[in-house]
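**Q** Chains as they are written, first to last, in our numbering: chain A, 477 to 885; chain B, 5 to 599.
For the record, the hints were derived by calculation from the structure and aren't laboratory data. Where is the CB? At the ideal position from N, CA and C, for every residue including glycine. Do not take every clue at face value.
Unchecked claim - Simulated coverage check for chain A against chain B, where a stretch passes if three residues somewhere in it have a Cβ under 8 Å from a Cβ of chain B:
{"#": "1", "segment": "548 to 560"}
{"#": "2", "segment": "604 to 616"}
{"#": "3", "segment": "620 to 626"}
{"#": "4", "segment": "742 to 749"}
{"#": "5", "segment": "802 to 809"}
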Amino acid sequence: MRRATGAAALPLTLALGALLVPRPASAGFAETLPEGTFLLDVSYAYSWLRNAWDDHGGLGPLVAAIDRYEPGGGKQGTLIPGAFVQYHITIFQLQYGILDNLSVGIGIPLVARTSISPDLKWIPGDYQPQLGRPYGEDDFWQWAASMGQPRPGEWVGNEGVPGDVVLGLRLRWSDWIEAFREAGVAASLSVYGALPTGVHADPEEVVSAGTTMWDLQAQGDLGVHLGFDKTFHEELDDRLTLGLDVFYEWFAPHRYDTPTGTKNPLLLSYQPYAGTSYMLDPGDLVGFSVQVDGVPVRGPSEASFISGWNPLVAESFPPLLTLSLRYTFSWIGQTRFDSMSDLWDFQQEDHWRPGYRNALSATVLFSFLRLGAPLQVYASYRTLSLIPGRNTRAADVLTAGIRIPAKFW
Amino acid sequence: MAGRIRSLYTTLLSSSLMPYLNRERADVASVLTRYASAEEGHPDSYFQQWRDACLASCTQSCAEKCGFSYLMMLESAVNLRSSIPQAYLDEMQGIADGADLPFEKILILNTFYDTMLAFRAITYYIRESQAPMLTGVRFAGAGTDGRDNDGDGQTDEDGEDAVAPFEPMPHATLAEVPTATRVVFDLHDIKLSIGVDKGDSPGVDPDTVRVRHDGIQYAYPADRGVIEVEPLEGDPLSLTVTFAPPGGFAPATVTSLVLQAGDFNRIVNPPPVHARFMRDERVTFSTEGYGKRREDIPNEGTSDGTSQPPSIAFAAAGAATGGGEPLLAQHYALLDSNTTHKHTVAFVHVPDDGTPHVVFGYAGLVWGFSGLSANGLALAFTHSDTLDNPMVGCFMRDLFDARLLMDGVPIGIVGRDLLAHQDTVTQAADVMRRVRFTFGYNVLLADAGGGLVSVETDANVHDDPAGGVRVRGPDPTGDLHGASHYVDNIEDLRTKLLVFDIKPQRFWTSFYYRSVRALSILSRRLADVRGHLDAEAAIDVLRTPDLVDTRDSMMATVLMPASRKVRYAMGQVPATSGEFLELDLRALVGGEAGE
Chain A
477 MRRATGAAAL PLTLALGALL VPRPASAGFA ETLPEGTFLL DVSYAYSWLR
527 NAWDDHGGLG PLVAAIDRYE PGGGKQGTLI PGAFVQYHIT IFQLQYGILD
577 NLSVGIGIPL VARTSISPDL KWIPGDYQPQ LGRPYGEDDF WQWAASMGQP
627 RPGEWVGNEG VPGDVVLGLR LRWSDWIEAF REAGVAASLS VYGALPTGVH
677 ADPEEVVSAG TTMWDLQAQG DLGVHLGFDK TFHEELDDRL TLGLDVFYEW
727 FAPHRYDTPT GTKNPLLLSY QPYAGTSYML DPGDLVGFSV QVDGVPVRGP
777 SEASFISGWN PLVAESFPPL LTLSLRYTFS WIGQTRFDSM SDLWDFQQED
827 HWRPGYRNAL SATVLFSFLR LGAPLQVYAS YRTLSLIPGR NTRAADVLTA
877 GIRIPAKFW
Chain B
5 MAGRIRSLYT TLLSSSLMPY LNRERADVAS VLTRYASAEE GHPDSYFQQW
55 RDACLASCTQ SCAEKCGFSY LMMLESAVNL RSSIPQAYLD EMQGIADGAD
105 LPFEKILILN TFYDTMLAFR AITYYIRESQ APMLTGVRFA GAGTDGRDND
155 GDGQTDEDGE DAVAPFEPMP HATLAEVPTA TRVVFDLHDI KLSIGVDKGD
205 SPGVDPDTVR VRHDGIQYAY PADRGVIEVE PLEGDPLSLT VTFAPPGGFA
255 PATVTSLVLQ AGDFNRIVNP PPVHARFMRD ERVTFSTEGY GKRREDIPNE
305 GTSDGTSQPP SIAFAAAGAA TGGGEPLLAQ HYALLDSNTT HKHTVAFVHV
355 PDDGTPHVVF GYAGLVWGFS GLSANGLALA FTHSDTLDNP MVGCFMRDLF
405 DARLLMDGVP IGIVGRDLLA HQDTVTQAAD VMRRVRFTFG YNVLLADAGG
455 GLVSVETDAN VHDDPAGGVR VRGPDPTGDL HGASHYVDNI EDLRTKLLVF
505 DIKPQRFWTS FYYRSVRALS ILSRRLADVR GHLDAEAAID VLRTPDLVDT
555 RDSMMATVLM PASRKVRYAM GQVPATSGEF LELDLRALVG GEAGE
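Could you build all of it, start to finish, from the sequences and the hints given here?
**A** Right, dumping it as structure tokens:
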């Protein structure tokens, strides 16, 4: 839809949040798996997006209004896109504890379906003498069709399409510093990188979406996180954990095909002047998260095969119920375009200006390890639409997943 | 710059103008059969054969390059090329090389303006010819009111209450009419027996009749009582519309009525399906007690938001100015389509043979819509819709087998050449008298010595012995101003050709009433600043809201030939909403201060 203004080339993207990063089983920023332990995490995420934060922090439509003009006939009217975007993604993650303080993981997102409803509204423009009235909405699309431009309908795609595979590593380096342990603080360094297994959006579609990190607006292609968890063992019996994570995430420049206008000759004929392809260097992310994990219910524990029939080990397993609240602030840099047309580049960049987003998420985690079942179930809700941002998408995400830990040796 | 040249070509021509003009082919082909298509039963037509051959060899951008509008623009561009001096063709070649575009596209980019205007005039005329026509206006009671309503020195003579046949006027139709008058419009609709309307039922559709008065639009049949329609017995092609506002017309005021009507046609191409509507016709009159002759009452109308003012220009020298420095100002408006303003450029040319000069144009053009030379000649032009253009000339010569072909020297090239080789308005006007123009233009010239000249052009396709150029000096007030209609060349072309009753521009062009209104407002604004007109005052005049096209404004300049300075605003819509930057031509290319 953004292309319809003649000002943006990229498809609609989502701010799903950092859902796809291989995460430790627990909610903290410095948690790692015990040595020799696998954790399989399978989740389903549903994201929906209707609005974006504008340059003034106001919540507006996802796509800017499109003024349409007729050669010499003035303004035909204004298209008001009320685009509604939905992503359905299944995420497979497998993590492994190499050491007690060093875990690695792989995350494989598989997009089940993406749909975009343009939901275009119309505000009539100038009086058209040849019609004896201004263009109505149907009038306009009939006119556009006569110029070879079809009316954009709902786009559905990415069915069973992989996203970028993520490889990650976390080292809890505070284990080597006694002072951290005495203070009840754990600190870790996490790094991850994405493999380019996702697909770009179809450049010829007015509305479409890809599955790369950039398309999902979830996280960078390379990221470094420095995380800290503070537990209160003595004071609160480990029922509260405070966490802090600071991060820098870098997007790799990518080359994209420029639309030729074969499907949308009026709206997407960029190739004749922008060239056959262009480089896109997304703005990087820098920010921080703070998190509170609370344990309202620790639950009973029973010795089982998981604990080696040892009741003390069973008692050390995660609590039955953990509630987490997280706030994340991300500053996003200016995205750069580089084509054969500086004018076109400028127009695209104007729609990808620097900004920031404020994300809130809440997670409920049930762990049945204490009861002898190797299973954790969780659900989370993440919103970017509650606290105003700037030049970012206001997406919401619901996630539900299961985690199965396993130890084979 | 290369990217901007390609961008302008693509966004303005490939994606906007050419597809738009392609849709006119069916209308054109119904008269000029060489442009008919296989779908219309003409597989062997010139257009179809050209298209088939084009598609057979085309590898990219085929929808554009094998379309009707590309054919028309290319053929005209090639024909115009022979009238363009080699130096400018060389510049175009350089642009093509630098922009990595074929020369033919740069040639089209540099000539499409003239071609488009001529083609547009034809299509508008054909459209208007098949729409209802206002054939007469009567003011009930004006023939027996004891007043001289038409300013002819006689009172209540036969026919004083009517203008029939109807004549669009730059001033009021009648003066001092009774407040209780009913205004009666006679409408007539015909079928031309050719054109896309054949087969449809002729006649004016009463349900499309609307009259706008005092900011209110009355429609029939919703406002029956205010508007009454009456078919003429035995004449299914005609309809009489009577308008009488509630409470009558206010005394001692100037009133404008705008009439709209469509016919029974249902035009399907271009969509949406619509009746064929006539041009909005504006009739202005004064009511008893106003006290002015009709010739002294401009047909200005009111701002109703349904139309935009066209291009305007004015020049002043001597006592009309504040410090005595001559100036020439222009606001050009025609076609923005949300893209043109992104490609504006001020070009400073230093020719090998000629005077350095600056022109204000667009990326990829070798010419501009206004300019100033280092020797102090300033020039700006506006278009003036006319059927006295080479395409109509082709039709007059070859009739149904005519090609839509342009001929003559493109106005922008004329401007470049004048700036490069002439120093005074007198010299420039002498040269222009010898030029074969492509279309109707109103050119204003000013020089450093205070010379001012207005030149109105047409293509002189009917070989008028007076030529295609009308030259006029300043009026006694010391200024010249114009808009987008003729003031001198008011009988630009009037002839009968087959079923076509070809009339001067005021009868059919959509610019006419807008331009008359703009010129009236401009006259008033200039009168306000007469005697202290300088660059700032000129900018104020250009920014007059009723003179600013907020949709298709393209650029605005104030040229000061004595000081060799220019104030210009462009790059936004409307152009006048931006800052007027200063360009000092002497500082760029040298040259002496003005005389």
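**Q** A separate judgement is required for each hint: does it hold in the structure or not?
**A** Here's how the hints hold up against the structure:
no., hint, in the structure
1, 548 to 560, "holds (count 3)"
2, 604 to 616, "holds (count 8)"
3, 620 to 626, "holds (count 4)"
4, 742 to 749, "holds (count 5)"
5, 802 to 809, "violated (count 0)"
Hint compliance for this structure: hint 5 alone is broken.
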